Each structure stands twice: as structure tokens, then as C-alpha cells.
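Single-letter residue listing:
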Amino acid sequence: MIRAFASGLRVDLLQLIRTPFDMVGMLVWPLVFASIAYLLLGHASGERALFTASLGAAVMIMWGWVILGAGFALDTQREQGTLELVVGAPTPLVVLVSPVMISRAVFGVYGLLLTLLWGRLVFGIPVLIDDWPAFIAAGVGCILAIGTLGLIAASTFVLYRAAFYLGISLQYPVYIACGLILPFSVLPGWLRPISWLLAPTWGFRALREAASAQAPWPDIGMCFGLSVVYIAIAIPCLAVFEHLARDRATLKLA
Amino acid sequence: MNNLRVFFAGGLTSYRALFNWLNPWAFLSILVAYPVFQTMYFVYLGRAADTANDTFFLVGNAFVAAAVAGMFGMGQSIGGERRYQTLPTLLASPASRLALFLGRALPAIVNGFVVAALSYTLAALMIHLHIAAGRLAGIAVALLASCFACAGLGLCIGSLAFRTRSISLFADTLSGVFLIVTGANVPLARLPDGLQVLANYIPLTHGIRAARALAAGGTLHDALGAVGKEALIGAVYFTIGVAMLRYFERSARRAGSLDRF
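Listed in order, the protein sequences are those of chains A and B. Position one of the first sequence corresponds to residue 2 (my numbering), numbered consecutively onward. Position one of the second sequence corresponds to residue 5 (my numbering), numbered consecutively onward.
Bound-form chain B, shown alone (with noise of 0.2 Å):
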């Protein structure tokens, strides 16, 4: 019962904090505006290159959305303890670490879903593109597998917390490299051989795969391969995370070095 406390009250004081909710402009900012003019920005680039269609790109860069809201969140709910210098008081209690750290993980894959969501309906509100209401059950389907995942790729990022200073590094590079592997705005064909084999490890590439399929009219059950794919990801991924948790905890512990900034 306590560990359910933990992971649901820990959870949304940690979301809360990451945008010091006195007011909602940062989230405005950075988790409305900004995802939805990279959409715009990339469905231009598209029309001015002629590679894909408008879908395609507001497919991707909704995903790429929930990829960024996940892994910066769920990162952030750990680096920023060490910023605010929270972490050792944090790791002085007895909670369950599971609880602690999984707890952050739920906020972050409901943000992404919202996040991803609003970026992909006022885009398309903007470019005047209609998506079948039919279809956006299944492509909701394939984007909670991607934000299960991209919020696994975050536990990891976050637990590098315990070694380095900022996370931000490591989750600003995934997020740009996030924008060109997972193929969100470029056809993965036109990727390098290893980067379309590197591509199938990765968050994202299956639930976009699926959701593009979804949204160009296919069936949920052909999609359902490439959705549990991306689920699989997810869920080695946050068993990575764990690992890494607990390795870097003790490390840090270790040499002292949890509250060094």
C-alpha cells in the first residue's frame, strides 16, 4: 500500500515540479508550442522536397513529441533531485526504489500521450489535413506503446543522474538524432544501412511504422506487430533503467558523490 503511495503521489509532485507550476507558460512553451511548430516546420520542408505527404510528417514529429515530453520528463524527474540537491534525502528513505523511480515514469508517458496529441490536432488543424476518426483509436494505441517506451529510454537517461550533472546533454542529443533514425522525417529507406538496422532497437520506429500504417487506412490487428515491437522495446528498456538505477546508486554512493554540483 505504501509502495501504491509512493508511485502515485511521488509521481505527480515530481511531474508538478518539473515545470514549477505557478503558472502554465513553461508548459505552454515548450510542450505545446514548440512540437507543434517543428511539425509545421517539417511538413513544409516535405512539401518543398516532395518525399512524403503531410501525414507523414505530422505522424512523426507528433511521435517525436512524445518522445521528447518522455525522455526529458521522466530524465529530469531524477536529474532534477541531484540539481535541487534533493537526491541523497530522496535515497536516505526506505521507499521501495522501484515504486520512487517507476512512480515518475507514469506522469511521463501520460504527458507524452497528451503532448503528442495536442501537437498532432493543432497542426493538423493548421495545415487542414483530416484524419478519419476511425483510425485515431489505433494510431492512440501505437503512440501509448511508443510513449511506454520513450519513457523507458528516460529512466535510463535519468539514471545517469547519479554520475553526471546535467541529463539535458543526453536527452537533447537523443531528441535531435530522434528526429532523423527513428524516421520520423526521413523515409528510412534513404537511411544508411546501419542506421535502419540501429533503427529497429530504438523508441519510436515500430509506433511510428504502425501508426503511419493505421492512419493510411490499415486495420489495428495488421498493426498489432509492430505496436507489441515497440512495447518490447519499452520494456527492455526500463529493465535497463532499473539496472542502471541500481548500479549507479550504489556507485554513487560509493564515492560520495550524490550531492556533488
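Only chain A is shown next, with the shape it has when bound in the complex (with noise of 0.2 Å):
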């Protein structure tokens, strides 16, 4: 199951540096997001929030591409018939899909070094990372947590045969109720308990309290908790999903 795994990934990654719509895709939309951040918010709010703002962005293309890498990947298998055969191996479908998911988060550092790049070429704004070991255990977290919230997803995408377009709806909300760049205090009140069940929110706040050295610990530890949960939830939910695609006879249908 290992070897299944570091294989998935692996073949992922590949895949992802490959295609031209992942590697462009990753280049525009976290420029896109910060430069919005950053033109709207404007100078005078300070360094330290736009770099703030480059870290929403990050973790916004992060979940993005999780959540379209979840339905797209599902979808080009159902396209080209090879999803029956993925569900017909004697491998758990958990360690199967995972790697698509996981893959996905860690491209995602890519657009995290691209829009500081382009903050600091750009736009002036320093890279303000303080505790760097915390900051790579919050990469590293945020990874994880965001990658497992897309296993879930990605557990009822089997079942749905147009996974990549729900998959594409999924970004704003996420956006919104987990403060991507955005401060709580514009939002409805009854989106923050919401929040606390969403990796992005844990994994935003453990870079950004990394970044700026201020108690990022519990932030972190709440993403492996989460990974954890999510695990957890996503294996009964894909054994469901599964058997219900098979007892429907939906997996072939693209």
C-alpha cells in the first residue's frame, strides 16, 4: 500500500508539471489573487498584511487545485474507462485517490514561492518569516489537512458524474467561510464555527502566525489533528460512494 501510494504520488506530480493547463493555471491565478489583495489593500495597510495576503493567496490556489484536481482527476478516469478498473484493484481506493489529492497541496508550494516572487519583484513586499522551522511545519500541515479535506470531496465525486464542474463551485465558498485574505469581521457571524471545521482556516492561520513567530504551534497541531478526522471520515465515505457507483452501475458513465 505504500509503494501504491509514493507511486500515485509520484505519477501525479509528474503529470502535474507536465500538463501546460496546471503549470500556467498555477502561475496566473495566485498572481491574480494577491495582485487584487494587494491593489485594493494598497500600501498604506502595511507590509506585513500584504504579506499576509500572499499566504491567503497561496492557500486559496492550494484548496483550488485540490478541489479541481479531485474532480478532474475522477472524471478523466471515467472518461477514458479506467475508473471501473482503479475501483476493481485489490488496493484500497483511499490509497489510490489520496495521492491525487496530496499531489495537488504540495504543487500548491509552487504557487506559495511564485506569489512571493512576485510580491517582492513586483509589488516591494518582503518575505516576513520569522520562525522559519514553524513555518515549514505549517507548510507541511496545511499540506496535509488540505489534502485530506479533498479526499472527502473527493469521496462523493465517484458517485458524481460531473465532479469537475462541482468541484469548481467549491472554491468561493471555501474562500469565503475560511477568511482567505478576507478578516472575519466582514463576514456573517455564523460562518466562523463553520470555519473551524475547514483545513485552509487552520492552515492559513498556521502560516501566517509562523510568518510572524506568534504561537503558530496550536495552529499547526490543529492540522494534523484535522488530517487525522479527515482520514478517518473519508475512508467510510469512499467505501459508501463506491458501493453505491457499483450498485448503480454509474462509473463508466462519463
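Hints were generated in silico from the structure; no laboratory data involved. On a predicted model such as this, the values are computed, not experimentally measured, just so you know. Where is the CB? At the ideal position from N, CA and C, for every residue including glycine. It cannot be assumed that every hint is accurate.
Unchecked claim - Covered stretches of chain B, going by a simulated chain A footprint (3 or more residues, C-beta under 8 Å):
#1 50 to 56
#2 164 to 173
#3 235 to 243
Build the complex from these two chains, which are given one at a time in their own frames, with help from the hints.
Pasting the structure below:
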């Protein structure tokens, strides 16, 4: 199973870096989000606020790519007629699907680096990371938590034949609910408890707190804790939706 | 008469194929939920930055929704032919190329208009924003001009399907860039000088400007200049798109690359 997971991770990462859509999309979208934030907030808001906006943009794209990847990967398998083979293999489905989510979250690191570089070179925003070890740990926690949250979404996508479209529509609701770049003060109060359940909230907080050396470890801990919870939810969900898809014979419907 | 049949029947069939109309989820997901939440996101971001009022972002993002529908819809209606390997069959037919491909523009324009109107209405309801009904007719005229211009750009993008396997790359990149450069989410005055000049020559900029002026209480007569510029930009992009189609079709036939996927 470890070999299947590692091999899946390697193959999906290789596919990502060989696909123009992913390489260019990951170049464009974080820069778009970050630039809008920089231009709206302006230099008067301070370098720290702008740097935090860069982190928010990177987490946004990390979630975006995971949720799009979840839908796209399953849709492609469905279209090419290999989803049945994947589901029929003796290896548990979670081991075969999770590398797609994790690799896409890892790919978000490319988006993070590009955003920081863009901010530095074009907008003159310095890279303000005060606690590097905590920042790296926060990055790993963020990748893991967002990737495993994507796994829960992927479990429903096994059943849903227009998974990619559903993935697209789930991007902005999560950006809003998690307060990415947005302060919670402008959002409806009822969103706050929802944000606590979502990985990007804690991933963004962990990165932000680590960058400013402000007690990031509880947030990093939440990322790892949530990852365990998400996996515990995703495994039975995948089993149930896989069974439903087999039962309704929808695996082959492209 | 046959050209008219190709124009309407071909356009409608191509539009239905875009969403595999077995169920409406694809349409609802990407053309209703996505633009509404995008608008909400930028409304909240605007409130946080205190740069402009809610109407600014509501109008800007409704127009972006129309652009995305126009560019992807129009582009994909040609790109999809290549993906499903029906492009050689289509081009082997004696039907007029203009009727074939411009027929795909009409549903893209109507679709863009409906999507923008839905996005505008739903987002306005969610943020409790009211714009007087009397102003909506003028905004609709500006929106129609923008939908036309975006379908023109979509035709240019779609023509690239003769050369490349995925036109989504271009449509996706442009829809991201449009969030900034057209002034949809950032006041144009805040953009670098070069981008402000570029903004004058791309779809949406003038349409959004006209719609915002109308939403603020301006008259359609005052906004007609901007609406006219938007329609002119659309006509130019359509002309370029048709020329690109002709050129790429010829070169793809020569290279024998039409059904390479």
C-alpha cells in the first residue's frame, strides 16, 4: 500500500508538471488573487498585511487545485474508462485517490513561492518569515490538511458524474468560509463555526502565525489533528460512495 | 436558408453538447454557483479594503461571469469538436464556415447574458442591495454589448483549437487576468499605466464602466459612448476570430493535424 501511495504521488506530480494547464494556471491564479489584494489594500495597510495576503492567496490556490484535481482526476478516469479498473483493484480506493489530493496540495508550494516572488519583485513586499522551522511545519500541516479534506470531497465525486463542475463551484465558498485574505469581521457571524471545521482556515492561520512568530503551534497541531479526522471520515465515505456507484452502475458513465 | 439552419440548429446543438444536458448540475455548478460566490467573495474583500462600494463589485463580477461564459462557451464549442474528434467531419461538410462557427456565438451571447443576470440578481439578494428597476434596462444594454465582445474574443480562443489540444488554458488565463485588468475588481486608476492603456482594448472594460455609471443614476444617453466602444471592440474581435479560423483551418489541413489529440 505504501508503494502504491508513493507511486501514485510520483505519477501525479509528474503529470502536474507536464500539463500546461496546471503549470500556467498555478502561475496565473495566485498572482491574480494576490495582485487584487495588494491593489485593493494598498501599501498604506503595511507590509505585514500585504505579506499575509500573499499567504492567503497561496492557500486559496492550494485548495482550488485540490478540489479541481479531485474532480478532474475522477472525471478523466471515468472518461477514459479506467475508473472501473481503479475501483476493481485489490488496493483500497483511498490509497489510490489520496495521492492525487496530496500531490495537488504539494503543488501549491509552487504557487506559494511564485506569489512571494511576485510580491517581492513587482510590489516590493519583503518576505517576512520570522520563524522558519514553524513556517515549514505549518506548510506541511497545511498541505496534509487540505489534501485530506479534498479526499472527503473526492469520495462523493466517485458517484457524481459531473465531479469537475462541482469541484469548480466549491472553490469560492471555502475561500469565504475560511476567511482567506478576508477578515472575519466583514463576514456573517454564522460562518465562524463553519470555518473551524475547514482545513484552509487552520492552514492559513498556521502560516500567518509562523511567519510573524506568534504562537503558531496550536494551529499547526489543528492541521495535523484535522487531517486524522478527515482521513477517518474519508475512508468510510469512499467505501459507501464506491458501493453506491457499483450498485447504480454509474462508474462508466462519462 | 441552409446557412440559417446551420447557424441556428448547429449553434443550439453545440450549446447543448457543452453541458452534456442529461442533467442540469453542470450548468448550475459552474454558471450559477461559481459566479455568485465569486461575486460574494469580492464584495467582502471590497468591504475589508474599503476601496469601493458593493455595487462596484456586484456589477464588475456579473460582467466577468458573462465573460467567462462567453469565452469558455464559445471557445469550447470549437475545442470540444477537436476533443471528441468530430472536427474533421465538421470541416468536411460543405456548410458555410461563417454559419457554422458564428452560429455557436449566438448561444454563447445569450448564455452569457442569462448567467450575468442570474449572478447579479442572486448576489444582490444575498447582500441586500437594491438597484432601481428603471436603471436595469440600461445596464442590460451594456451587458449585451459585453456579451457580444466576449463571444468575439471566445471565437479567437476557439480558433486556437485548430492548433492546440486545450483551449481551456487560454480561456482560464484570460478569465483570471480579466478580474484585474478590466477594472472588475480593482478601480482602473489603481492599475499601472500600461494596464490602463491595455484595458481600453479588451472586452468588458467599457461595458463595466457604462454599467457602473448607469447603476449610479446616469442616463443611457450618457453611457452610449462606452457601450458603442464595447460593441466596436466586439466587432473587431469577431473579425479577427474569423480570420484566425480561416488561417488555422488552412494550416491544420496542410499539416494533417485536425484529428490529432
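Quick rundown of the hints versus the structure:
1. With 5 residues carrying a beta carbon less than 8 Å from a beta carbon of chain A, the stretch 50 to 56 of chain B meets the three-residue requirement, and the given coverage holds.
2. Counting residues of the stretch 164 to 173 of chain B whose CB lies closer than 8 Å to any CB of chain A gives 3, so the stated coverage by that chain holds, three being the minimum.
3. Counting residues of the stretch 235 to 243 of chain B whose beta-carbon sits less than 8 Å from any beta-carbon of chain A gives 0, not enough to reach three: the coverage restraint is violated.
Violated hints amount to a single one, hint 3; each of the other numbered hints is respected by the structure.
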